[in-house]
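Take these sequences, add in the hints, and give me the full structure.
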Amino acid sequence: MAIYLSQEWHDLARELAQGFPEHAGASARMVYNVSGAPGGDLTYFQVTENGRVIEQGLGVCEHADFTVSLTWADAVSVQSGELDPNVAFMQGRMKVAGNMGKVMALLPITMSPEYRNLQIRLQAATEYP
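Numbering (this note's numbering), first residue to last: 1 to 129.
Label pairs and their computed distance ranges (CB to CB):
| hint | residue 1 | residue 2 | range |
| --- | --- | --- | --- |
| 1 | Y115 | A2 | 13 to 21 Å |
| 2 | A24 | Y128 | 33 to 41 Å |
| 3 | T43 | A125 | 18 to 26 Å |
| 4 | A73 | E22 | 30 to 38 Å |
| 5 | P108 | M1 | 29 to 37 Å |
| 6 | Y128 | N50 | 26 to 34 Å |
| 7 | A124 | G25 | 26 to 34 Å |
| 8 | A73 | A2 | 16 to 24 Å |
| 9 | Q7 | R121 | 14 to 22 Å |
Simulated from the structure, these hints should not be mistaken for lab results. The beta-carbon is built from N, C-alpha and C at its ideal position, and this holds for glycine as well.
Here is the structure:
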């Protein structure tokens, strides 16, 4: 089991996503800010090119297209499947700043069966402190 949002967890998530089919144009550099985590606020990033995760880990990436901010409790709820990310966004619990076109280009991926399967596998391998 990988502890949620640890580097080990990010490595596992990236590994599980390697089989994703290509989605032309679904490319973005994302930064996530999570407040109130057990060890303090944390930041992580993900770089996706044509629907495939090529980098993911703790810290920030240069030239991020957008930033997602949410609390630890909401991040856990989203990752565990208890809170739909679209609902979190609509309720203002998940805030997005930056290039909304890039966000919209990624939405079809998050609705795909491959993404849902990844989430189920990642949830089963995740320990929430």
